[in-house]
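Chains as they are written, first to last, in the working numbering: chain A, 13 to 208; chain B, 13 to 208; chain C, 13 to 208; chain D, 13 to 208; chain E, 13 to 208; chain F, 13 to 208.
Keep in mind that the hints were calculated from the coordinates and are not lab data.
One copy or two, either will do: identical chains are not told apart, so a pair holds if it fits within one copy or between any two.
Pairs of lysine to aspartate or glutamate residues, derived as EDC-like cross-links and limited to a Cα-Cα distance of at most 20 Å, are as follows:
#: 1; residue 1: K77; residue 2: E169
#: 2; residue 1: K137; residue 2: D192
#: 3; residue 1: K137; residue 2: D157
#: 4; residue 1: K137; residue 2: D155
None of these values were measured; they are calculated from a predicted model.
Listed below, chain by chain, are the residues.
Number of protein chains: 6
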Amino acid sequence: MNDLQGRPIGRYPVPPLRDLPADIRARIDAVQEKSGFVPNVFLTLAHRPDEFRAFFAYHDALMEKEGGLTKAEREMIVVATSAANQCQYCVVAHGAILRIRAKDPRIADQVATNYRKADISPRQKAMLDFALTVSHRAEEIGDADFEALRGHGFTDEDAWDIGAISALFALSNRMANLIDMRPNDEFYALGRAPRG
Amino acid sequence: MNDLQGRPIGRYPVPPLRDLPADIRARIDAVQEKSGFVPNVFLTLAHRPDEFRAFFAYHDALMEKEGGLTKAEREMIVVATSAANQCQYCVVAHGAILRIRAKDPRIADQVATNYRKADISPRQKAMLDFALTVSHRAEEIGDADFEALRGHGFTDEDAWDIGAISALFALSNRMANLIDMRPNDEFYALGRAPRG
Amino acid sequence: MNDLQGRPIGRYPVPPLRDLPADIRARIDAVQEKSGFVPNVFLTLAHRPDEFRAFFAYHDALMEKEGGLTKAEREMIVVATSAANQCQYCVVAHGAILRIRAKDPRIADQVATNYRKADISPRQKAMLDFALTVSHRAEEIGDADFEALRGHGFTDEDAWDIGAISALFALSNRMANLIDMRPNDEFYALGRAPRG
Amino acid sequence: MNDLQGRPIGRYPVPPLRDLPADIRARIDAVQEKSGFVPNVFLTLAHRPDEFRAFFAYHDALMEKEGGLTKAEREMIVVATSAANQCQYCVVAHGAILRIRAKDPRIADQVATNYRKADISPRQKAMLDFALTVSHRAEEIGDADFEALRGHGFTDEDAWDIGAISALFALSNRMANLIDMRPNDEFYALGRAPRG
Amino acid sequence: MNDLQGRPIGRYPVPPLRDLPADIRARIDAVQEKSGFVPNVFLTLAHRPDEFRAFFAYHDALMEKEGGLTKAEREMIVVATSAANQCQYCVVAHGAILRIRAKDPRIADQVATNYRKADISPRQKAMLDFALTVSHRAEEIGDADFEALRGHGFTDEDAWDIGAISALFALSNRMANLIDMRPNDEFYALGRAPRG
Amino acid sequence: MNDLQGRPIGRYPVPPLRDLPADIRARIDAVQEKSGFVPNVFLTLAHRPDEFRAFFAYHDALMEKEGGLTKAEREMIVVATSAANQCQYCVVAHGAILRIRAKDPRIADQVATNYRKADISPRQKAMLDFALTVSHRAEEIGDADFEALRGHGFTDEDAWDIGAISALFALSNRMANLIDMRPNDEFYALGRAPRG
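Can you build the whole structure from these sequences, using the hints too?
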């Protein structure tokens, strides 16, 4: 399937919306309604309805829940780990969401290029240190990493959240790179207007 | 929660079975019935019911479906990528499943230490090459990688399966290392009796 | 020295403009005139006038000259290598220049996250392959790398240009990270208006 | 030379036992007597008698001597470093010896996949940290590494033992991978019966 | 252009001395006068006069200035980082200069192979630790790295010097590898006579 | 034990010569006779007589034998792999031997810094490519690597020699770094006189 400019949005076929199972179509209609466009992750993953349902169930369980992390902080984790994994779709799409949630037009580019230099708190840097450890050398995680988080006021449940978001996007980044998922043009400009 | 020897099966609390939601309890009862014990992945992930449901839905969508890969081949992908990620739970548990599915007492140890030297076909080595590429440098995947698979008779749907299993265990390996998931003692010996 | 929001633009002191040598002050006045603001690279490097002069002389020799590469292509090299080196200043500032020179509001984010997936030509991907080789494993460069460029119509003088821009920003990225150079707020939004 | 199933045990020719020098033949006869089979390392290295003699002299000097490390601990070093080097022969063969020496059917699989999660003492983890440092970044070893060992009660002679075993298997792992040394089928099952 | 033995000194053409701009020719005449030969870096870079001028201006600004580092210490930084980047020209040429400046026939080989084992002071090792951090992971530099230098009596201006020399040779090493710059035969033997 | 300048030649005690076993003392006397000094590897390893004997037996089996590689080529393998492992003793000591065996005062510094740029034949570069593969990623060695050697006229016995020398110095480099083995001052200047 191609986008409006005729460019493929992924390496795999995308079924016509009318052929999709009703629940998937309903989710796509809802996001279209809310956002004004359908992010390509919904269309490209619809090629595999069961995996679509599992992925978004996982996503919602981690990104929409209550908890010790703000929604902006969760998006920071997505952007920082996805940038390290060179996932174009995830950095561009979640960069837009991060800008909106943080109400900050510059935060996403900062976190994507080098979170150590971003305008975030020391607590948030510790959160991203942990997320990157899960992303790149989870085999070495131990008590000291949990202690470092506790030193910034994070609970062990927060640690699970941070690690699980990092782990989910370890999956998501790989799938997006595998299927050549193209970010929608709309994402690039979203949330860039300065705070007023 | 501790195992029968009093060792913790993970870093996080595990709810008593009676307190679990009915669907999760049913799944755990079913696996207990079938296997004779409850693999610790079910108990440790039950700490987060929504994530539990999403994870096993994803797992079943990839590991239980029909398709161009045999069930043994899917387990090879799990074992090879989990070994590269140093995930003790996944290598030990899925190593057992691989031995059983392949009816081969030695295959799991071979694939875990160096799949290039394992007693598998050239087609299976190409499958694992692709799986490891997705696992470790998905950002570089391109047409040449798909071509290499096609040269061994894999379809592009097979490529999605291989890559998606690798990506799911990129998630799973990180979660198991994060929560210090302990393999059940039972797994080590399963499937080791020689073919007769 | 701090920016208008009171945030330091770098780790080192910045001399008052009136105390700068005349040639450096003239250059800063000129860029202020042309851009409407003074990019922080000029202010932070002014701490060392001789190094300032040498850096911009090198920069101009490579980025302002005639030759086989378009100005947009030179900025692609800067953005791709600086992203790999996690240089926030260079990615943000040269990302803006790339958007303007390429008249494309999306190109910089694409090249920064994963140039292999960017909307650029195969020739430009070969150019960035060479640039990244110089950036990350120059010790392995050999005839085959030059041949690959020639296969896309690049001359050996173009190869020098590509490699030298990559090498100059190997220096620049390290200096910016060393001195904690902060990108000006203005850069983030520049060149993001869609082509009309 | 092939094994009983007709599979080659290595990439190089193996001389008939009767053609081997008497001392090498005596060593092979002795191990056959003791173990009930001839491990393939003896047969494949017999292709080069002088190197065979030197290798086993080195091996015996480190693995059979008295000292501060138990024999099981020495095998842990072999298994952990050989797994990191993806040496199938060494992990499978010495994994069996480790299970037998430690009287533990699970220890080898734990140490091979991620020794940080194995059922071993903190002292043994410090021993394996040092062994892996020698294996992978010996150029950085310094006083702090020796201090860390001393903090767990190891002497500097123990440090030499740990490092030398790691270094010997740096050699051994490379030779086994070079000559495609196949583990004997017998090793996989040895020592797996539960302690009774 | 070839050297006296007929071997090319680089991959690119070198203009005849008489065709060079007067200032470049003057610089080359001066170094010939002083050293008795013309180091190939002057000849190979003369292919691009503007880059030649910028490079040597940068070089002189860092290597010839007054400051907290001795000239021998600056050469140590060049040798250590150039060895890590496998730059033959820079290691051989600056190794000679280091021997001369340090009046020590062995220092260059020590610093090039493993500076941690060289006969240099702890302060100089801290200096090289910082230089290598800038060379290989400048994106991680932070306050702790500056603190470590201060603990050895270095000022923040010294830190800039150390980092900037490392950064300049990040450029220089890449250019030398790109253009296949050949060290002059003379360098190998310079400064090797024992002190006495 | 210290050298003539009072610097320790290693981290471990060295026994007085008169206390050494007769065979080790004889070997040390012989090398003293031949070279005019005792290389520190003999003294530092004498701390462990059995390991001393095994090491030199291995060394002689590979470095003193007849075969398809010249003695200079064997030393090239030692120097190239030891430089990659940052082993000061091995690079300095075997660099001297390489200069003498190749009758070339510059070859060792070239091979140590970047063998791809050294004045050696394409056949010798292929030899060093194979040696470095064994040194750094032996787990990936396969038929293609052997084919590449055959294309340059190497037999499979030569391949064993190349790989085994690389493997022996994988051991030796780690031991020298572990015990802080100091190169004798004499080595630095040996073989540096130009060919006449």
